[in-house]
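One-letter residues, chain by chain:
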Amino acid sequence: MNGSEFSWSEFFAMGGYAFFVWWSYGLTLAVIVLNIVMPVVQRRKVIKRVKRAIRREQLQE
Amino acid sequence: MWAWIQKFSSPKYFYGMSAKLIPWFALSALLIALYGLYLGFFVAPPDYQQGESYRIIFIHVPAAWMSMFVYVVMAVSAAIGLIWQIRLADVIAASSAPIGASFTFIALVTGSLWGKPMWGTYWVWDARLTSELILLFLYFGYMALQASIEDQRMADKASGLLAIVGVVNIPIIHYSVEWWNTLHQGATVTKFDKPSIHIDMLIPLLLMALAFKLFYLAMVLVRARNEALYRDRNRRWVRELVEKL
Amino acid sequence: MLKAFYYLLLRDMRLALRSRHELANPLIFFVLVVSLFPLAVMPTPERLQEMAPGVIWVAALLSVLLSLDRLFKQDYEDGSLDQLMLSPNPLVVLVLAKVSAHWLLTGLPLVIIAPLLGVFMALETSSLSVLVWSLLLGTPVLSLVGAIGVSLTVAVNRGGVLLSLIVLPLYIPVLIFGANAIDVASDGMSVRGQLYFLGAMLALALSLAPLATAVALRITASR
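Sequences listed follow chains A, B and C, in order. First residue of the first sequence: 28, per the numbering used here; consecutive thereafter. First residue of the second sequence: 1461, per the numbering used here; consecutive thereafter. First residue of the third sequence: 80, per the numbering used here; consecutive thereafter.
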């Protein structure tokens, strides 16, 4: 990698530490994605809940 | 001044304002992270002792920094919520906890994965890893207390006080763990001697730290918006807003 | 103010002494847990001695934790806590009285019985006094810090696991220094540093924990 010749397979091998490096990055990515997905799901739930409450009140009137 | 704070911290105003900020934070977090990773993987040279494995540093250290930073933010905003009764501060504190716990988890997992090639085992009772583990417990305690009190105001105040107690305790815990560690781990061979870090490694590290911070800002706003909606679910502005969706 | 402190202390002691079996439970638990360890491992004196500080301290931590509920729960349920909070005396002083009663009833018995457990765990006679000293300085911190935890969870039904999740991480510094003092003593070295640290933590907890507990009670116990 030191300027001379770049090979992807060498890059992914991480000098023999591929397992540790890629698991670290993979798990981090997973946690980050989870952190993005959860609030989105949460938001849908809240909106659904408020909508249901509005409908219920309209029915009662 | 007070009126300004009142206006700015009203959930309705916050909801609108934060919508404009989130894309900027999220986008800059992504771009900076990509650039940081590029520098970290393709420009920074391998470490002379640890080879390529040190590249875990670019997520491990920023995550560890963030885990502590978020706890302090949480405690400070909890204190603001407790003292000045600003509801938005309670919302920020409550929204920070899961993100902080995530960063702590990342720091623990990557630390352990980095530790395997360095120490030979996945877990060593190293001072920093142990402190992170205790920090994770502190986050869990905060979240559990927040979740188990029905009354929202009471839950905010009680868990806020716990966060403040935690922040007073963190230095004590940290230093006693460090002291304990020097006693028990003295003989462990560690490759983590602190050489002055190479500038090509430092820049991506700082970039990643910045990216993590921006990511936190974006996510805490997203979560706080949800909280604001949920807590004001019976107020008019939420009703009007939801009906438009 | 002193009078209020004294009367509340006396009241709590009297109430607790009326149900003696409940009072004995943490103590029995303490002895029981410690005596399980020799059964779980090969009880050679060297090995026991090595484990003793940690085992005794963890057992002490857990038995204090078990007894914490008594601090405010009953008073909360029968409404006498409301009365206390309405009284003109500063709540901090009343909290301190209740915590002192709690320590006299649970912490102190642990300190007294600890030498026996030290003998069980094959500690040398010379380190028994360090064991007693470390517990004497450490257990009040456990009661004081525990009081914050109970006051935060007093309104939560079945808050037992929650309480341990909140309180145990805060106990870690006491555990580290307490156990280490005994460890060092059995190596024949000076334990002054460890005991000073425990004393410092006691001073800090004594000055801050009742304040935090009083604030917490105002939050959670007001109805």
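To be clear, the hints were calculated from the coordinates, so they are not data collected in a lab. There may be inaccurate statements among the hints.
Said to hold, decoys possible - The following residues of chain C were derived to be distant from chain B, with all beta-carbon distances above 10 Å:
1. Tyr85
2. Glu129
3. Leu195
4. Thr204
5. Val235
6. Met280
As the list claims (entries may be wrong) - DSSO-like cross-link-like pairs, simulated, lysine-lysine; straight-line CA separation at most 30 Å:
7. B:Lys1673 / A:Lys78
8. A:Lys75 / B:Lys1704
9. B:Lys1467 / A:Lys72
10. B:Lys1576 / B:Lys1673
11. B:Lys1480 / A:Lys75
12. A:Lys78 / B:Lys1472
13. B:Lys1673 / A:Lys72
14. B:Lys1480 / B:Lys1467
15. B:Lys1480 / A:Lys78
16. B:Lys1704 / B:Lys1576
17. B:Lys1704 / B:Lys1480
18. A:Lys78 / B:Lys1576
19. B:Lys1673 / B:Lys1467
20. A:Lys72 / B:Lys1576
21. B:Lys1704 / B:Lys1467
22. B:Lys1472 / B:Lys1704
23. C:Lys82 / C:Lys152
24. B:Lys1472 / A:Lys75
25. B:Lys1472 / B:Lys1673
26. A:Lys75 / B:Lys1467
27. B:Lys1704 / A:Lys72
28. A:Lys72 / B:Lys1480
Cβ coordinates follow ideal geometry from the N, Cα and C atoms, glycine included.
To see whether the hints hold, each was checked on the structure:
no.: 1; hint: Tyr85; in the structure: holds (28 Å)
no.: 2; hint: Glu129; in the structure: holds (13 Å)
no.: 3; hint: Leu195; in the structure: holds (27 Å)
no.: 4; hint: Thr204; in the structure: holds (24 Å)
no.: 5; hint: Val235; in the structure: violated (5 Å)
no.: 6; hint: Met280; in the structure: violated (7 Å)
no.: 7; hint: B:Lys1673 / A:Lys78; in the structure: violated (34 Å)
no.: 8; hint: A:Lys75 / B:Lys1704; in the structure: holds (13 Å)
no.: 9; hint: B:Lys1467 / A:Lys72; in the structure: holds (28 Å)
no.: 10; hint: B:Lys1576 / B:Lys1673; in the structure: holds (27 Å)
no.: 11; hint: B:Lys1480 / A:Lys75; in the structure: holds (23 Å)
no.: 12; hint: A:Lys78 / B:Lys1472; in the structure: holds (18 Å)
no.: 13; hint: B:Lys1673 / A:Lys72; in the structure: holds (27 Å)
no.: 14; hint: B:Lys1480 / B:Lys1467; in the structure: holds (17 Å)
no.: 15; hint: B:Lys1480 / A:Lys78; in the structure: holds (24 Å)
no.: 16; hint: B:Lys1704 / B:Lys1576; in the structure: violated (53 Å)
no.: 17; hint: B:Lys1704 / B:Lys1480; in the structure: holds (18 Å)
no.: 18; hint: A:Lys78 / B:Lys1576; in the structure: violated (51 Å)
no.: 19; hint: B:Lys1673 / B:Lys1467; in the structure: holds (26 Å)
no.: 20; hint: A:Lys72 / B:Lys1576; in the structure: violated (41 Å)
no.: 21; hint: B:Lys1704 / B:Lys1467; in the structure: holds (23 Å)
no.: 22; hint: B:Lys1472 / B:Lys1704; in the structure: holds (15 Å)
no.: 23; hint: C:Lys82 / C:Lys152; in the structure: holds (24 Å)
no.: 24; hint: B:Lys1472 / A:Lys75; in the structure: holds (19 Å)
no.: 25; hint: B:Lys1472 / B:Lys1673; in the structure: holds (25 Å)
no.: 26; hint: A:Lys75 / B:Lys1467; in the structure: holds (28 Å)
no.: 27; hint: B:Lys1704 / A:Lys72; in the structure: holds (16 Å)
no.: 28; hint: A:Lys72 / B:Lys1480; in the structure: holds (22 Å)
The earlier numbered hints that this structure contradicts are 5, 6, 7, 16, 18 and 20.
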